[in-house]
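*Asks:* So the chains spell out like this:
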Amino acid sequence: MRFASHRDIARAVERGVRKAGLPIAYSAGFTPHPKISYAGAAATGVASEAEYLELTFTSPCRPEDVRARLDAALPDGIDVVDVTERDSEPPFARLEASHWQVTLPGVPRAAAEAALSEFLAASRVEVERLTKKGPRRMDARAAVVSMQLDRRADEAAPGECEILRMVVRHVTPAVRPDDILVALNSVAARSKAAQNGVAGLAPSAPPVITRLAQCSLEPGPLETAPLGTDPNGADPNGADPLGPGCEA
Amino acid sequence: MESVYPLLEPLLPRVRKPVQYIGGEMNSVTKPWESAQVRWALMYPDAYEVGLPNQGLQILYEVLNGCDGVLAERTYSVWPDLEALMREHGIPQFTVDGHRPVSAFDLLGVSFATELGYTNLLTALDLAGLPLTAADRTGDHPVVLAGGHAAFNPEPVAEFIDGAVLGDGEQAVLTITSLVREWKAAGRPGGRDGLLLRLAAKGSVYVPKFYDVTYLPDGRIGSVKPNRPGVPAVVAKHTLMDLDDWPYPSKPLVPVAETVHERFSVEIFRGCTRGCRFCQAGMITRPVRERSQATISDMVETGLAATGFSEVGLLSLSSSDHSEIHEVARSLADQYEGTKTGLSLPSTRVDSFNVTLAEELTRGGRRSGLTFAPEGGSDRIRKVINKMVTEEDLIRTVATAYASGWRQVKLYFMCGLPTETDEDVLAIADLARRVIKTGRESAGRRDIRATVSIGGFVPKPHTPFQWAAQCSAETVDARLRALGGALRSDPGYGRAIGFRYHDGKPSIVEGLLSRGDRRVAGVIRAVWEDGGRFDGWSEHFDFERWQQAAVRALADTPVDLDWYTTRERGYDEILPWDHLDSGLDRDWLWQDWQDAVAPDGVAEVEDCRWTPCYECGVCPAMGTEIQTAPMGVPGGRPLLPLVTTAPVQAGTPQADRG
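Heads up: the sequence lines are chains U and Z, in that order. Quick note on my numbering: the first sequence kicks off at 81 and runs consecutively. Quick note on my numbering: the second sequence kicks off at 727 and runs consecutively.
Read the hints as simulated data drawn from the structure, not as lab findings. Please note that a few of the clues may not be correct.
List of simulated lysine-lysine pairs, BS3-like, C-alpha gap at most 25 Å [claimed, not checked]: (1) Z:757 to Z:910; (2) Z:757 to Z:977; (3) Z:910 to Z:928; (4) Z:928 to Z:951; (5) Z:1136 to Z:1231; (6) Z:743 to U:213; (7) Z:935 to Z:951; (8) U:212 to Z:935; (9) Z:1066 to U:115.
Construct the complete structure from the given sequences, taking the supplied hints into account.
*Replies:* Okay, structure coming up:
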């Protein structure tokens, strides 16, 4: 499902809602649309364990009933994990950052470590991305709250595949995980390690990027699941070397 | 059989629209490989976005997967970006269901809605690791079968396919399946040829290699004869007689990817009796077989529940001709009123009844555009093609449409019809202006539009025009240029009239492939070897490549591209498809062709659904009659309990439309 675009997912959800027979509300106007809104969607090619959407119904529904019916009506690969009723707060307001996992096939540990330390030490790392409105420059470093390598990957298969974990702030213009990979690559190229002959950060196959969780960055009790889901649900592997969710 | 997905997945981030290659559509089926004795790969030889919604393929997929011991998976053409990566990484043509290699299946069934998919067939065969030439295949390779409308003259691809199936596929695939099952269970007697002989003798499958074709010195065909015993001299088409027994698709596939049709389509009848002389579909799908009102209603209900689609299309070649269409439309409109379910009738017939129907279907909903197909610009040319609609009919119809709230009307025409003159085409401009003028008067406003869409006419096998000379691309292009100028010339109408057209060159290639014989295979192969792919897509189509390939491949023959396209054929000429029987009487077709071009006025043919039979030959050949007035619903019983309510209210006030 990671190859589906946001438009594809949105169409599937619309059909799922109809198929499930849920009393969805429609917008007024000449071409009524079902009232479904999405928090910032993951890009095409990126997998996600944590997408959020809001449905507006014309009559009260039991959250667990909505969850079960919608989950059954959606194609394999889109699972409805939890449904809660919205409170007075605007939806998605507390989704301030995302916890990403990036697997980098064929990247040696030393190269990844060198790139990370160079990147984290920098005060600013600019990257450029071609958008529909033309090239845009953005500071990739500023958006990164934390970044670490997953120790387990190296223990399991030394030197074959590195797994990067990072928490990235939702900013405008958006800094996406692939922008950060571009930034890492650019600092890796000019790092001391590269000059000493350590290989660069180019993976042997396209990296697999997964959003593990979305979360708030407010101080106070750690809130990994703003809509009240089980914090442990954010990481399907259970024990998380960085601690649950989005710890900075 | 192992999935190639682990090899494919790392390549997908590097190609355009990767979601089309992942499968996993709602209602798709992946059976365990070992659970089946007969395995079909079904292919639509075009991009996924075009192929996925294809009704024919979805029906066969469901029919076959509904059988124990049979599995069917789907495969589509891959775009050149993925093709290059698959070649680089050694990934074979795969199915999107189990991502299994096509070469592992028993049968590869390819549905050709158009001849422009032929080069894509070669890409798929080659990627699958199959020899392109059928004669080079062994017992280890799947049997390659062609179906779809283009299979009514499969001669241009005869070299590449093992067999062709003419007509309706539902029962035919089951017959073929049982023949393959028996042959495998018996220890594959006779090898590959043994199976092909069984299919030809007992399955009404046309196996080209069992027929020898000879040519006369002037290039025409001398004879087509079976070259072994047990093979019929003439192969008949398959006809499904009771559509109510086959209510498929009942679980339509719902893709995650965006496709060309995002709706649930119900075929309300098969066949057509209008007798439009250019229309191959109308000729080869005779006789008319209607689905009953009850079946249509059940299919709509089941299909919507299984998919979540919000639009239903009532499909057929001329949907408003269903003998109970008004009852069908009204009961569906009643049933789905207020559910945000859109109903549409691809209406191409020009009459006011169609507007009434469309009003019924869109009650409370959007009235964006209506489509009519007058096909010819002048009354004279419309008589030649037997499209029995006068200019006055058309004007009256569009006036009704604009007065009923529609703001946009699309008009379909053809260019390059037999006997056509420049004046016939220029008449389209006058007609369009009258449409706008009348529309402004009847709607009482100026912001109405009409779009003129025009395509090149291609003479097709099994039609009265199968003997006709195709109009040259130069003539078609010159007439389209003149029409474009005429449409733009009047500033009072210029903006209200849209003009869409295709140039004449693709039509010439389609003409070559439609009426070609076995010698055309060399042209197709040469184009493919030169990189020809996706010829139905203007950005991939390359006319010069086809022209040059034709010169090279036909160099040793007395024939050329013009011979196949712009040459008129005579009564005595053996046509490449004369040994393939669509049920139509050849002499009836010839008489109809003569009537069309008769210098002293054209004889028209009425619709045999309502008027006496005109002896096209189909009903006696099938031992049947046309089937109307849905069986089992005496007197058109309403489907739902009738509740008396206030007169129907349009949900959207008149002023909001537009």
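*Asks:* Hints first: check each against the structure and report whether it holds.
*Replies:* Hints versus structure:
1. Z:757 to Z:910: Holds. Residue 757 (chain Z) to residue 910 (chain Z) sits at ~20 Å (cutoff 25 Å).
2. Z:757 to Z:977: 16 Å, holds
3. Z:910 to Z:928: Measuring from Cα to Cα gives roughly 16 Å; hence the hint holds.
4. Z:928 to Z:951: Measuring from Cα to Cα gives roughly 18 Å; hence the hint holds.
5. Z:1136 to Z:1231: It holds: about 24 Å lies between the C-alpha atoms, which stays within 25 Å.
6. Z:743 to U:213: With a Cα-Cα distance of about 21 Å, the restraint between residue 743 (chain Z) and residue 213 (chain U) holds, given a limit of 25 Å.
7. Z:935 to Z:951: 11 Å, holds
8. U:212 to Z:935: 54 Å, violated
9. Z:1066 to U:115: It holds: about 13 Å lies between the C-alpha atoms, which stays within 25 Å.
Hint 8 alone, counting from the list given before, is not met by this structure.
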